[in-house]
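*Asks:* Chains as they are written, first to last, in my numbering: chain A, 27 to 430; chain X, 997 to 1466.
Don't take each hint at face value.
Said to hold, decoys possible - To give an idea of the interface, some chain X residues facing chain A are shown, with a C-beta separation under 8 Å as derived from the structure:
1) His1033
2) Arg1036
3) Leu1042
4) Leu1050
5) Ala1128
6) Pro1131
7) Arg1132
8) Met1394
9) Trp1413
Said to hold, decoys possible - With a cut-off of at most 30 Å between alpha-carbon atoms, the simulated BS3-like pairs for lysine-lysine come out as follows:
10) A:Lys179 <-> X:Lys1216
11) X:Lys1418 <-> A:Lys45
12) A:Lys179 <-> X:Lys1043
No lab work stands behind these hints: they were computed from the structure. From the three backbone atoms N, C-alpha and C, an ideal C-beta is built for every residue, glycine too.
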Amino acid sequence: MGSIFDKLLKFGPSVLVVKAIIAAIAADFALVAAILVRRAYRTRYFHKRDERVFWMRQNWDDLISGKIPYETWRTKPFDRAIVEEIVLDAFEAAGPQESARLLAFLRQSGLIEKRVFEARNMRGWRRRRALVALGRTRAAEGVPALADGLRDKNQENRHAALRGLGRMGSPEAGTEILDWIAEVGLVVASLPVQNALINCCRERPQILIPYLQHSGGEVREVLARVMAEVATPSLESDLIGLSEDELPELRAAAARAMSSAQPYHAVDVLAELSKDKVWFVRLRAVVAMGKLHNELATPHILQGLCDSNRLVRMRAGEALVAQPGKMAPVFAQVAAMQDRYGLHAYLAALENAGARAKLEEELAHEKSLKKIEREELQQVLQSGKLPDPKPAGDAEETVEPVAR
Amino acid sequence: MGLVLDATNHALFVYYLVCNMVYLVTLIVALKTSAAHQRRLESWRLKWINQSPLTPPITVLAPAHNEETSIRVAVRNLLQLDYPDLEVIVINDGSKDRTLAEMQDEFKLRPVRAVYVQEVESAQVRGFYRSAEDPRLLVVDKEAGGSKADAVNAGLNAATSPYVCVVDSDSVLERDALLRIMVPVMVDPDHVMGVGGIIRVLNGSEIENGHLKHVKLPRKSFEIIQVIEYLRAFLIGREGWAQGNMLMIISGAFGLFRTDLVRAIGGYRSKAIGEDFDMVARLHRHLREKGGEYKIQFVPDPVCWTEVPSDMRSLARQRARWQKGLLDVLWPNRDMLFRPRYGRIGSIALPYLWVFELFAPIIELGGIVTIIAAAWLGMLSQHFFFEFLLYGYAFATMISIGSVLQEEITYKRYNDWKDVAKLVSYCFLEHFPYRQLHMMWRLQGLYQYARGDVTWRPLKRQGLQSAQAR
Chain A
27 MGSIFDKLLK FGPSVLVVKA IIAAIAADFA LVAAILVRRA YRTRYFHKRD
77 ERVFWMRQNW DDLISGKIPY ETWRTKPFDR AIVEEIVLDA FEAAGPQESA
127 RLLAFLRQSG LIEKRVFEAR NMRGWRRRRA LVALGRTRAA EGVPALADGL
177 RDKNQENRHA ALRGLGRMGS PEAGTEILDW IAEVGLVVAS LPVQNALINC
227 CRERPQILIP YLQHSGGEVR EVLARVMAEV ATPSLESDLI GLSEDELPEL
277 RAAAARAMSS AQPYHAVDVL AELSKDKVWF VRLRAVVAMG KLHNELATPH
327 ILQGLCDSNR LVRMRAGEAL VAQPGKMAPV FAQVAAMQDR YGLHAYLAAL
377 ENAGARAKLE EELAHEKSLK KIEREELQQV LQSGKLPDPK PAGDAEETVE
427 PVAR
Chain X
997 MGLVLDATNH ALFVYYLVCN MVYLVTLIVA LKTSAAHQRR LESWRLKWIN
1047 QSPLTPPITV LAPAHNEETS IRVAVRNLLQ LDYPDLEVIV INDGSKDRTL
1097 AEMQDEFKLR PVRAVYVQEV ESAQVRGFYR SAEDPRLLVV DKEAGGSKAD
1147 AVNAGLNAAT SPYVCVVDSD SVLERDALLR IMVPVMVDPD HVMGVGGIIR
1197 VLNGSEIENG HLKHVKLPRK SFEIIQVIEY LRAFLIGREG WAQGNMLMII
1247 SGAFGLFRTD LVRAIGGYRS KAIGEDFDMV ARLHRHLREK GGEYKIQFVP
1297 DPVCWTEVPS DMRSLARQRA RWQKGLLDVL WPNRDMLFRP RYGRIGSIAL
1347 PYLWVFELFA PIIELGGIVT IIAAAWLGML SQHFFFEFLL YGYAFATMIS
1397 IGSVLQEEIT YKRYNDWKDV AKLVSYCFLE HFPYRQLHMM WRLQGLYQYA
1447 RGDVTWRPLK RQGLQSAQAR
């Protein structure tokens, strides 16, 4: 009996094509079979999963307390995965008391030990999964395993370890990350490092200071950006030091961080930074002054409105509109500056904030303005165009300074 | 004559063999990449991106030209997206219908000034409107510029975020689409310059309050075939090519770019027929010429649902336009071919597009002509012909079923058994006569381009409102 190819050869000249046809048809059927098997498997899997989840939810308190022995589900990977998923999801929304209860359960049931083991000994995606799960537990005993993960050869695993440590959000986890970057430099992109450090250093931003002092280059910039996000008023003196740094990134970070400092001290520093030669330092300074919500900052923000950079002007406009106090005197000063770009930025911010009606109302009743000036300002507000410049000093007589 | 026909047959055989090998390799790479991507997602929590203070702001740019039937649903959908720092700019590109009025009614628009610097070329802007209901929404009302590119450029000038996401205003994004498309950026913001998401066919599905409620297959057969085409193009083609950093197209319906980079290359080319393809080609050129490492990526899980043509005439127009767009981009970039400075873009991606995409309908037509000629001259080996036909059929079917399998093992949007059965059936049925018609439409596109006919002909659409009402 000849082979199937021998029989098919009678119908055509090319063995190659016949073989290709057979292979392609076989592949077609194999793929269709794979789809059907996959579908059937999924249907069965989700049915079974639903049943187990329902049962576990019904007996959740008994599961957590250990009334249902841990061994009944811990040794079954299917059940264990469900329990762990439910616990980790619950963690995300739990308050301190519930978190403590869940953490105790994770410890007693051995789930944390299991994840620590996987994070240390597994490879590839299994290690990645364990690292992130460990981070989600926020258990302190997971920190060393996560720190090991930072030194993995695989970049994705390093990222997972970073995310895990970031999720821990504890100063201990932060110290591990800081030690790691001090040791090897930035071997992953800066954004994930910053994200993780922000979460970890929020509670105790002081841990950043020694690393900031002893690092250089890109690492220093990254740490400064983290500092900008987590700084508290207690770090004011360090921030003032940073504001004089030669690296613009650091000055920008200092400016951003100063928004959390005491306005009396911050305004002077920020006013200096708002005159910086680098645009993004000026931008950060103007935004930070806006966040201070203090009238002391208004004259400096007004200067930002005449900046050569569009973004600085826009942010200055937004900051001015959000400033406390009356708007009419500020608007009078904006008009008096005779800068059409500045005026446009201010009006755009005013309209975007929906505050135009409020300004119109204020202008109509502003007593510090003479009638003619009031009309002129109303005209500027309506047309968006500046009036003809007046001789110097004229404006100063009529416009009440907002802040000294 | 016989020798010529014989040589042609051999050449065609080699062409199809190489083409099929490329498809096969792409399918294998895509299946592998998808599995890896699924694993990668397990270690990501989108919520963390949403909570991070460092997640970069995004400006969504939605150009709208005569979209009165879709605009309310589309904009509502954009404003409901999960993203921490979002700005939505809708560009009303000289609509002659009620597009602007619909938005004014729905979102309580009020005229505002905007800091608008014409960094990239676009038609005259008539005014700006901001929603009193949701200040994240800015509407740029402009004169008709004659192209989507012109409208996007106006939005680009008004955008204030470091990333812009260009979407179609007749499309619906899934709620977490922006968070998902940002995953590659969050991992490596220094190198990722653009990211494309997947486009899926909306026809047949139901929308509720700006969100997709039920995913269903459309009823018409050629709409179902388009579903398969989209699955094949995105889940296999783009996934595979992106793996080698050779992605040449990020769909205009849903793509994310770095704003400074798009501005640096002068924005979208207003006269481009396929502005999305043109943008990516120019980005590659710019970044290759500049030197240094960069990535243009594709992620298969952020989904944009879009309406595809539901009548033959519109479909023919669309496909002809795509073919014109292809030529319109490949021709000006012909100098990139085989030049070492353009790396694998010049040596693999572009040659592939020339040979297996641009010339494909011509070569297919050539194949049909030689077969007819050979049959007429009595030189056609019927056995060989039928075997070759059977092989082509079985192989092409395999690639299509592969894309359905890819969908099935990864993203599982079609949950109904009937829908999957239909999809698989159409993998067998799409080859006759749809494929031949498709070839004709593409040839028509090339012919129109050669004649200098580059006018944009509107496609007939039902609009999102109809999906909402279903």
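*Asks:* Please list, smallest to largest, the hint numbers that this structure does not respect.
*Replies:* 1, 3, 7 and 10
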